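A.B. asks: Read top to bottom, the protein sequences are chains P and X. For reference, each letter of the first sequence is one residue, going 45 to 620 in the numbering used here. For reference, each letter of the second sequence is one residue, going 45 to 620 in the numbering used here.
The set of hints was computed from the structure by calculation and includes no laboratory data. Since the structure is predicted, the reported quantities are computational estimates derived from the model, not experimental observations. Among the hints, erroneous ones may be present.
Because identical chains cannot be distinguished in the list, a pair is counted as satisfied if it fits within a single copy or across any two copies.
Below, computed lysine-lysine pairings styled on DSSO-like, alpha-carbon distance capped at 30 Å [stated by the list, open to error]: (1) Lys254 x Lys557; (2) Lys139 x Lys254; (3) Lys254 x Lys562; (4) Lys408 x Lys453; (5) Lys76 x Lys139; (6) Lys76 x Lys562.
There are 2 protein chains.
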Amino acid sequence: MDRIWFPRYNDDSAVRGRSVPGAPASRVAKKKVLMLAQTAMLQWESVLEPENVITEREPLRAAATATFHVDQRIPAILRPATREQVQQALRIASKFGVPVYPVSSGKNWGYGSGTPASDGCVLLDLSRMNRILDFNEDLGYVSVEPGVTQGQLFAFLRSRNSRLWIDATGSSPECSLIGNTIERGFGHTPYGDHFGNVCGFEIVLATGEKLETGAARFPGSPAAPVYRWGLGPSLDGLFTQSNFGVVTRMTFWLMPAPEYFQAFFFRCDEDEDLPAIIDALRRLRMSGTLRSAIHVGNDYKVLAGMQQYPWKETGGSTPLTPDQMGAFRRRMNFGAWNGSGGLYGTRAQVAEARRLLRRELAGKVSRLQFLDGRRLALASRFSGLFRLISRWDLSRALELVRPLYGLLKGQPSDRPLASAYWRKRTPPPEQLDPDRDRCGLLWCSPVAPAEGGHAQTLASLSSQVLLRHGFEPMLSITLITERALICVISITYDRESPGEDERAMACYAELQKELSAKGYIPYRLGIQSMGEMDAHGPYARFLEAVKRAADPAGILAPGRYEAVRVQTVGDSRTGS
Amino acid sequence: MDRIWFPRYNDDSAVRGRSVPGAPASRVAKKKVLMLAQTAMLQWESVLEPENVITEREPLRAAATATFHVDQRIPAILRPATREQVQQALRIASKFGVPVYPVSSGKNWGYGSGTPASDGCVLLDLSRMNRILDFNEDLGYVSVEPGVTQGQLFAFLRSRNSRLWIDATGSSPECSLIGNTIERGFGHTPYGDHFGNVCGFEIVLATGEKLETGAARFPGSPAAPVYRWGLGPSLDGLFTQSNFGVVTRMTFWLMPAPEYFQAFFFRCDEDEDLPAIIDALRRLRMSGTLRSAIHVGNDYKVLAGMQQYPWKETGGSTPLTPDQMGAFRRRMNFGAWNGSGGLYGTRAQVAEARRLLRRELAGKVSRLQFLDGRRLALASRFSGLFRLISRWDLSRALELVRPLYGLLKGQPSDRPLASAYWRKRTPPPEQLDPDRDRCGLLWCSPVAPAEGGHAQTLASLSSQVLLRHGFEPMLSITLITERALICVISITYDRESPGEDERAMACYAELQKELSAKGYIPYRLGIQSMGEMDAHGPYARFLEAVKRAADPAGILAPGRYEAVRVQTVGDSRTGS
Chain P
45 MDRIWFPRYN DDSAVRGRSV PGAPASRVAK KKVLMLAQTA MLQWESVLEP ENVITEREPL
105 RAAATATFHV DQRIPAILRP ATREQVQQAL RIASKFGVPV YPVSSGKNWG YGSGTPASDG
165 CVLLDLSRMN RILDFNEDLG YVSVEPGVTQ GQLFAFLRSR NSRLWIDATG SSPECSLIGN
225 TIERGFGHTP YGDHFGNVCG FEIVLATGEK LETGAARFPG SPAAPVYRWG LGPSLDGLFT
285 QSNFGVVTRM TFWLMPAPEY FQAFFFRCDE DEDLPAIIDA LRRLRMSGTL RSAIHVGNDY
345 KVLAGMQQYP WKETGGSTPL TPDQMGAFRR RMNFGAWNGS GGLYGTRAQV AEARRLLRRE
405 LAGKVSRLQF LDGRRLALAS RFSGLFRLIS RWDLSRALEL VRPLYGLLKG QPSDRPLASA
465 YWRKRTPPPE QLDPDRDRCG LLWCSPVAPA EGGHAQTLAS LSSQVLLRHG FEPMLSITLI
525 TERALICVIS ITYDRESPGE DERAMACYAE LQKELSAKGY IPYRLGIQSM GEMDAHGPYA
585 RFLEAVKRAA DPAGILAPGR YEAVRVQTVG DSRTGS
Chain X
45 MDRIWFPRYN DDSAVRGRSV PGAPASRVAK KKVLMLAQTA MLQWESVLEP ENVITEREPL
105 RAAATATFHV DQRIPAILRP ATREQVQQAL RIASKFGVPV YPVSSGKNWG YGSGTPASDG
165 CVLLDLSRMN RILDFNEDLG YVSVEPGVTQ GQLFAFLRSR NSRLWIDATG SSPECSLIGN
225 TIERGFGHTP YGDHFGNVCG FEIVLATGEK LETGAARFPG SPAAPVYRWG LGPSLDGLFT
285 QSNFGVVTRM TFWLMPAPEY FQAFFFRCDE DEDLPAIIDA LRRLRMSGTL RSAIHVGNDY
345 KVLAGMQQYP WKETGGSTPL TPDQMGAFRR RMNFGAWNGS GGLYGTRAQV AEARRLLRRE
405 LAGKVSRLQF LDGRRLALAS RFSGLFRLIS RWDLSRALEL VRPLYGLLKG QPSDRPLASA
465 YWRKRTPPPE QLDPDRDRCG LLWCSPVAPA EGGHAQTLAS LSSQVLLRHG FEPMLSITLI
525 TERALICVIS ITYDRESPGE DERAMACYAE LQKELSAKGY IPYRLGIQSM GEMDAHGPYA
585 RFLEAVKRAA DPAGILAPGR YEAVRVQTVG DSRTGS
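With these hints in hand, go ahead and build the complete structure from the sequences.
C.D. replies: Written as structure tokens, this is what we have:
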């Protein structure tokens with residue numbers, strides 16, 4: 045056991061970080077908590093079996109790697125297989141005051157991957173808990189554990205010949221459904237607002253106690269997988285973007301495949317066209333004609349989806365300037381802004397939606413194309429010929445279009461993730477792993493009303509900041525609901541390039557600062573930006589009180605979406 | 045001040061009720077808390093002006109009146125006009141340990157009207173806080189105070205020539221929007237699940253502190269009225285069906301009027317037809333063809349909507365038996381089950397929805413009718429002629445159809461409320477007031493998956509129980525979401541009839557018990573049924589901890605959706 049290294053006990057440097065709250069003051073105290081941590085390790089080994097308590101240097105280092113620089117160190121990884129083991133593991137953590145950080149699949153790329161928000165947390169890796177616990181074709185739901193990935197659920201539904209679709213993020217098939225939903229992530233179908241389409245959480249508190257939410261807290265209630273609010277206070281929201289508990293089960297609603305599906309793609313040639321397009325899309329969403337999350341990406345975003353940085357054409361200089369970008373997009377036939385979305389329904393419903401979309405976007409976009417499965421198959425086979433028929437060059441775009449088309453139908457793809465390799469000098473490998481491959485990626489994602497003016501402000505503000513710092517402003521704007529949009533701004537770079545980590549973080553900080561000054565809040569935080577929680581006053585006091593109730597020892601995910609630092613190790617409450 | 049009567053301090057009988065937790069043990073202690081209460085009264089008068097601290101016997105008696113027997117007594121009514129006054133009033137309540145129960149409009153008919161869940165609570169009547177604080181036509185939202193009623197908002201939108209619709213409950217134009225949403229009530233349009241379409245709460249805690257939820261906690265955030273989840277834990281759910289705080293502002297999303305609207309009405313002749321209809325409707329909801337809450341009422345429900353109890357035809361005997369009911373429905377031309385819903389969109393979208401509805405309901409219903417504004421106007425003018433054209437007798441049904449048609453467009457109506465007068469011997473008055481007029485009404489409202497089998501079970505179980513107890517089983521089944529239905533069961537009676545209050549409550553208790561035995565939970569509780577919360581174990585402990593954080597003195601709405609009784613007056617923490 046003596047090779048285990050608990051940074052916050054062994055190492056004075058840990059005291060400097062914002063992430064180390066109650067660092068022990070004296071050598072004696074330090075020795076005491078170190079002993080406690082070692083005892084916790086022994087108990088975890090006895091509960092989980094030694095092979096599921098990982099302390100080897102290499103996996104620990106890999107787990108503490110993100111797509112940007114992190115200082116956090118991970119002393120051990122626990123890999124429970126069942127909810128009961130999670131309960132036992134957390135009881136031990138609470139008893140000995142050892143901080144624990146749960147991750148589902150650890151694929152939180154751009155926001156910290158699988159790295160804890162604080163230094164010195166033992167990682168609670170839930171990926172072994174990958175059972176699909178319940179499934180109902182008629183009512184359209186599935187209940188899963190945190191290790192279940194979108195790819196796994198997709199395959200499961202296929203194997204059942206199910207007519208149900210999942211909603212997938214554009215991240216990777218390996219992403220956890222629960223992990224993404226807890227972060228309030230989103231996808232592309234009518235069920236795109238993930239947290240808006242789930243219910244019946246099972247939660248393990250830091251004390252080891254089990255909670256269930258909604259109707260699920262009533263044993264045998266038939267409403268459990270279908271009715272969200274339950275009876276009495278609705279608690280689901282408390283356990284998203286928080287550190288109040290470990291979600292060990294969630295029910296996801298699934299949409300039935302429509303009789304007919306058609307994707308649409310549009311583009312405009314000038315940045316100034318964006319506001320009118322956003323307003324038009326909002327009206328179509330509010331009227332119910334568009335039912336899904338609509339994504340609009342700028343030229344940089346599209347180019348990064350199609351290829352890596354044009355090192356040759358630019359002679360190696362960065363960033364790619366707007367003028368250079370303009371030349372690329374004209375040559376490669378895409379727009380300043382490029383949108384995609386899905387039309388779902390019967391053929392007549394889709395035809396009417398198409399008519400309305402055409403009517404609303406007329407004069408605002410330079411091209412609007414529709415694509416269904418038959419046309420896509422045709423295009424794939426005869427992409428040259430297709431160009432003659434449709435006057436639309438699919439040959440190059442097809443590679444970008446196909447995964448997008450799939451995402452609109454809930455088919456997960458890791459293709460969008462390849463853009464994390466944008467600034468790399470070597471091509472993306474077969475198995476994408478941006479952490480391992482030292483891709484630099486920082487996501488900043490403000491939310492705003494779905495109005496043209498706000499879209500324009502977000503786009504121009506972030507473009508200026510990124511270009512000023514030497515990065516390409518890759519932006520995608522998603523109409524996540526009828527009224528709100530989320531702008532995901534990617535700072536994409538090569539971590540191998542000396543100084544880039546620091547420059548990227550400086551860029552991120554300035555971007556965040558400028559957005560905050562205008563009142564734009566992020567819809568989600570990375571482990572590097574938890575300070576944006578900006579909780580104070582009665583709000584912070586209330587959250588702290590909830591935290592004390594849920595986690596009296598303060599051991600769960602310290603620093604994660606937290607109001608004010610909660611005392612953890614070294615606190616007088618622990619170890620007594 | 046000496047005429048003010050605080051039951052829990054003056055009266056030993058109060059100690060018996062479940063609603064009096066920390067009743068003082070000794071005469072001296074009693075005198076002390078009474079003194080505290082009197083001091084609180086003086087301070088409230090100074091903060092609110094004496095005319096807004098009501099202690100006259102008659103209004104207190106009226107406020108403690110519901111549509112069923114209640115024992116609760118109200119020592120005083122506070123009528124704050126602003127959020128600041130609510131803060132001051134609650135600070136005083138906390139300081140002196142006087143329990144306070146907030147009501148918005150007090151129109152919670154069938155669930156307790158404006159009566160607190162516990163005896164001896166000072167009523168915090170928020171009806172004077174009736175400002176519309178913000179309104180945005182393009183983004184479709186309005187921010188209101190708790191005193192704003194659905195009728196008021198409807199009139200406001202009319203006066204602005206707004207194209208936005210509200211979602212109204214079938215209760216009364218005088219109902220508070222916030223009050224209904226906090227109870228998680230529902231209406232008839234695509235925004236029918238009220239709590240699903242709100243955001244940005246402002247809350248006053250019992251300590252007098254102000255909280256804001258979602259993006260609204262960030263001053264000046266443009267996302268505040270449009271983005272629900274905010275950043276960090278989402279708290280909205282905690283403040284619905286709870287006693288954690290007083291909601292003093294909420295933002296409601298409003299749907300834009302569609303280009304075209306058509307209502308549909310259908311019926312079936314046999315009880316056995318119900319399951320197939322529910323399954324068909326669920327499929328139509330899940331496919332997105334039906335976008336709104338669909339209501340299906342049984343024959344008793346329809347008859348009570350059209351007229352009072354047929355005293356003459358039955359020779360005064362009750363209940364109306366199924367055989368008698370069958371004769372009525374054949375004579376008056378309605379079904380065993382009768383459904384209504386709305387189709388919203390362009391003419392083509394509505395036409396396609398109509399086709400799909402026809403296809404799904406074919407062979408399952410005996411009649412399916414569509415109605416738009418033109419046809420309704422025509423019918424009103426030529427109801428006799430209309431019958432010839434459409435072969436559908438609107439002459440009698442028109443009175444029932446018109447308010448329903450309006451509700452499907454979000455127009456509030458008090459017409460459905462008239463059915464509370466079902467068993468009265470005199471006609472409903474011009475101004476409906478079921479409390480004052482001693483209408484008996486108890487609502488029991490289980491939630492279940494939107495499946496035919498569950499609908500059938502709920503319908504037959506509740507029909508049997510009600511008839512056995514001598515009441516007509518008036519049932520309405522609402523497909524509140526794509527996957528869930530709520531069955532509202534009305535026990536409707538005449539409180540003037542000796543012994544009926546007791547018989548109705550006994551019927552309610554048995555109904556609730558039988559539903560619970562099958563796992564059906566209520567979607568909402570009346571003040572008489574808070575015990576159904578059935579909270580225990582870690583869930584209860586967690587709620588209690590949140591309660592302590594939000595309301596350390598335990599003065600806010602004791603007994604309301606509460607896990608376990610919280611100590612209030614007489615508790616050692618208070619008055620110290």
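A.B. asks: Does each hint hold? Answer for all of them.
C.D. replies: Going down the list of hints, with the structure as the test:
no. : hint            : result
1   : Lys254 x Lys557 : between (39 Å within a copy, 26 Å between copies)
2   : Lys139 x Lys254 : within (17 Å within a copy, 35 Å between copies)
3   : Lys254 x Lys562 : between (41 Å within a copy, 24 Å between copies)
4   : Lys408 x Lys453 : within (26 Å within a copy, 32 Å between copies)
5   : Lys76 x Lys139  : within (14 Å within a copy, 43 Å between copies)
6   : Lys76 x Lys562  : neither (48 Å within a copy, 53 Å between copies)
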